[in-house]
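> Construct the entire structure; sequences and hints are all you get.
Protein sequence lines, in the order shown, are assigned to chains A and B.
Residue 1 is where the first sequence starts when you use our numbering, and the numbers rise one by one after that.
Residue 1 is where the second sequence starts when you use our numbering, and the numbers rise one by one after that.
Hints may be right or wrong, so weigh each one.
A pair holds if it fits inside one copy or across any two, identical chains being indistinguishable in the list.
No farther apart than 30 angstroms at their CA atoms in a straight line, the calculated lysine-lysine pairs in the DSS-like style are these [claimed, not checked]: (1) Lys13 x Lys255; (2) Lys13 x Lys291; (3) Lys168 x Lys13; (4) Lys293 x Lys103.
Derived by calculation from the structure, the hints in this document are not laboratory data.
Just so you know, these numbers come straight off a predicted model, no measurement behind them.
2 protein chains.
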Amino acid sequence: VVMHQNELSFPFKRYAIQPVWRADRPQKGRYQEFYQCDVDVVGSDSLSYEAELIQIYDEVFAALHIQTVIRINNRKVLAGIAEVAGIPDQLIDMTVAIDKLDKIGFGGVRKELHERAISEAAIATIERILQLQDRAALREALATSAVGREGLAEIDTVFAYLEGYELKNKLQFDITLARGLSYYTGCIFEVNADTNAYPDLRMGSIGGGGRYADLTSMFGLKNMSGVGVSFGAERIYDVMAECGLFPTEDEAALKVLLIAFDEASHRYAFRCLHPLRQAGINADLYPEPTKLKKQMKYANDRSVPYVLLIGDKEMERGELTLKNMRTGEQGAYPLNQVLSRLG
Amino acid sequence: VVMHQNELSFPFKRYAIQPVWRADRPQKGRYQEFYQCDVDVVGSDSLSYEAELIQIYDEVFAALHIQTVIRINNRKVLAGIAEVAGIPDQLIDMTVAIDKLDKIGFGGVRKELHERAISEAAIATIERILQLQDRAALREALATSAVGREGLAEIDTVFAYLEGYELKNKLQFDITLARGLSYYTGCIFEVNADTNAYPDLRMGSIGGGGRYADLTSMFGLKNMSGVGVSFGAERIYDVMAECGLFPTEDEAALKVLLIAFDEASHRYAFRCLHPLRQAGINADLYPEPTKLKKQMKYANDRSVPYVLLIGDKEMERGELTLKNMRTGEQGAYPLNQVLSRLG
Numbered sequence: 001v002v003m004h005q006n007e008l009s010f011p012f013k014r015y016a017i018q019p020v021w022r023a024d025r026p027q028k029g030r031y032q033e034f035y036q037c038d039v040d041v042v043g044s045d046s047l048s049y050e051a052e053l054i055q056i057y058d059e060v061f062a063a064l065h066i067q068t069v070i071r072i073n074n075r076k077v078l079a080g081i082a083e084v085a086g087i088p089d090q091l092i093d094m095t096v097a098i099d100k101l102d103k104i105g106f107g108g109v110r111k112e113l114h115e116r117a118i119s120e121a122a123i124a125t126i127e128r129i130l131q132l133q134d135r136a137a138l139r140e141a142l143a144t145s146a147v148g149r150e151g152l153a154e155i156d157t158v159f160a161y162l163e164g165y166e167l168k169n170k171l172q173f174d175i176t177l178a179r180g181l182s183y184y185t186g187c188i189f190e191v192n193a194d195t196n197a198y199p200d201l202r203m204g205s206i207g208g209g210g211r212y213a214d215l216t217s218m219f220g221l222k223n224m225s226g227v228g229v230s231f232g233a234e235r236i237y238d239v240m241a242e243c244g245l246f247p248t249e250d251e252a253a254l255k256v257l258l259i260a261f262d263e264a265s266h267r268y269a270f271r272c273l274h275p276l277r278q279a280g281i282n283a284d285l286y287p288e289p290t291k292l293k294k295q296m297k298y299a300n301d302r303s304v305p306y307v308l309l310i311g312d313k314e315m316e317r318g319e320l321t322l323k324n325m326r327t328g329e330q331g332a333y334p335l336n337q338v339l340s341r342l343g
Numbered sequence: 001v002v003m004h005q006n007e008l009s010f011p012f013k014r015y016a017i018q019p020v021w022r023a024d025r026p027q028k029g030r031y032q033e034f035y036q037c038d039v040d041v042v043g044s045d046s047l048s049y050e051a052e053l054i055q056i057y058d059e060v061f062a063a064l065h066i067q068t069v070i071r072i073n074n075r076k077v078l079a080g081i082a083e084v085a086g087i088p089d090q091l092i093d094m095t096v097a098i099d100k101l102d103k104i105g106f107g108g109v110r111k112e113l114h115e116r117a118i119s120e121a122a123i124a125t126i127e128r129i130l131q132l133q134d135r136a137a138l139r140e141a142l143a144t145s146a147v148g149r150e151g152l153a154e155i156d157t158v159f160a161y162l163e164g165y166e167l168k169n170k171l172q173f174d175i176t177l178a179r180g181l182s183y184y185t186g187c188i189f190e191v192n193a194d195t196n197a198y199p200d201l202r203m204g205s206i207g208g209g210g211r212y213a214d215l216t217s218m219f220g221l222k223n224m225s226g227v228g229v230s231f232g233a234e235r236i237y238d239v240m241a242e243c244g245l246f247p248t249e250d251e252a253a254l255k256v257l258l259i260a261f262d263e264a265s266h267r268y269a270f271r272c273l274h275p276l277r278q279a280g281i282n283a284d285l286y287p288e289p290t291k292l293k294k295q296m297k298y299a300n301d302r303s304v305p306y307v308l309l310i311g312d313k314e315m316e317r318g319e320l321t322l323k324n325m326r327t328g329e330q331g332a333y334p335l336n337q338v339l340s341r342l343g
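Below you can see the structure in the form of structure tokens.
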């Protein structure tokens, strides 16, 4: 973006899907080569983009048939907590510790905050506030912090943009969401597969992102705010595999097998394939005009619900014999009627 | 395929798109990392698959708006030429030389055949036959070679399967097509951008493939014939870039910019975005409800043909003010009428 700043109209939206590498220790759901899929908007502070990115998450995961929880928080809310706890200069230490909450629990976070030289009084305040999941109660708790109030107001605005829009996934404000990367400055997001829907699944976040003010300044472009989210393609694949969300063979399976009896009818049958497929019907032709028995056996092996038989009689009349393999019923119809019967 | 031979029903069709690497010297149109896109059918000798792969090439290149020439030949035809020329045991030498014909011309091929110890009489025969582009003349020239006749009959069968199917690209039988890889045994294919359509383009083939009998035997699975084609994704990209075949900015551009005047109407406008986009209309909302002048300037900068103005009056009436930026005309309509006017 910085390189092309003079050619672009801002706000600038982009998305990218590409392989990237990272020198991390590989572990479950953590690969050294992975596909990075992300969507960003650069050059505007508008919170309508936070709302739009939530809609994108919502649509993508609905399309993949994964039930997810999209969590949202705001770094300014976390800054407000640090302020109210009297440790505004230890915000990063606090954030890093809170980020581990779902892994190590409140006990672990308390210990980590302690090790990071945060006072017991501050730890008690932080713990008390983190347990408030209600935004009204939070507004009260953070009333003395301007930045905290601003963060909550931003969350409210994002929800206001989404009013009346029916999300297919759950959207949750989660005060304990912190995200490790320190460049986020506003709203932050994380997406997990819904543990209510998939109780046996053990999988980290499958998406995340947030708002970063001035991310581009280190590349020489000042005051350019942006917001972006990414998709963890490999983890999404793992979730879909573990939860059986890929289309079953049955759904993807052949609907009709064309069966021909000699070279001429085989060519005729081949020409019928195209209109069948154009009509969205999963059709295939047995590769050779061999014995009927062999072709019917193949149709049975593949559990094809229909076969279309094409011989001299059918070619002459311009009809195809459609046989329902379950009921055994059969009848001869012109191609357009076959299309509507199978469609 | 060999690994899963017991789970698969043959013929087995597959396609794959994945990055691969090769240790070649990089040059124009020849990359060290490239995307391999290919389609294969394994486990059948049926020539209907050759016809189907031609249809796939045809549909893909039509969808990409690239005019191509799909060339087809058959290795058995080349074997027939070697037989008629009296050099059946030098088939590979002959094929390798012929493969360079489009780069080095007949003179170069003649020289190469000579260097490969092929007799002058054989070279003369080969050259004479290669100049026959007519299948009837070829049938005569190869009449004494059983394998040559078989190759020509296979080509005829492929064309017969395609009878009545309207190809959007050119399909040409090309006796000089050889393809370097020696494992091809039957039909071979190569696709080039049509030089008549793009006279300034210098680009090698953008696709190729062929029939291989018994390819899998080196992995322990005998007598498994297959046919496959691949797409040169990077070269296709280069052709599209050089020939200006990517959608222009105009086609991909914004159709309507939504303009709001305060926070409330901005949220209202945001909610109108979704139905507009659902209807396939490229719509966007100016990120903030700022001054009209600034928003109209942005609309002009992006050459947006329409804007939708949304203020208190519009929200009250449930209408949006649609303005045609070219004619200056404007009128207020409910959303569904806006959809049909813009759709």
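> Pop the pair Lys168 and Lys13 into one bin, within, between, both or neither, using alpha-carbon distances up to 30 angstroms.
within (24 angstroms within a copy, 35 angstroms between copies)
> What label fits Lys293 with Lys103 when the C-alpha limit is 30 angstroms: within, between, both, or neither?
neither (60 angstroms within a copy, 51 angstroms between copies)
> Can you give me the call for Lys13 and Lys255, within, between, both or neither, at a CA distance of at most 30 angstroms?
between (41 angstroms within a copy, 16 angstroms between copies)
> At 30 angstroms max between alpha carbons, let me know whether Lys13 reaches Lys291 within a copy, between copies, both or neither.
Cα proximity of Lys13 and Lys291: across copies only (22 angstroms, versus 59 angstroms in one copy).
Checked against the numbered hints above, the structure breaks only hint 4 and satisfies the rest.
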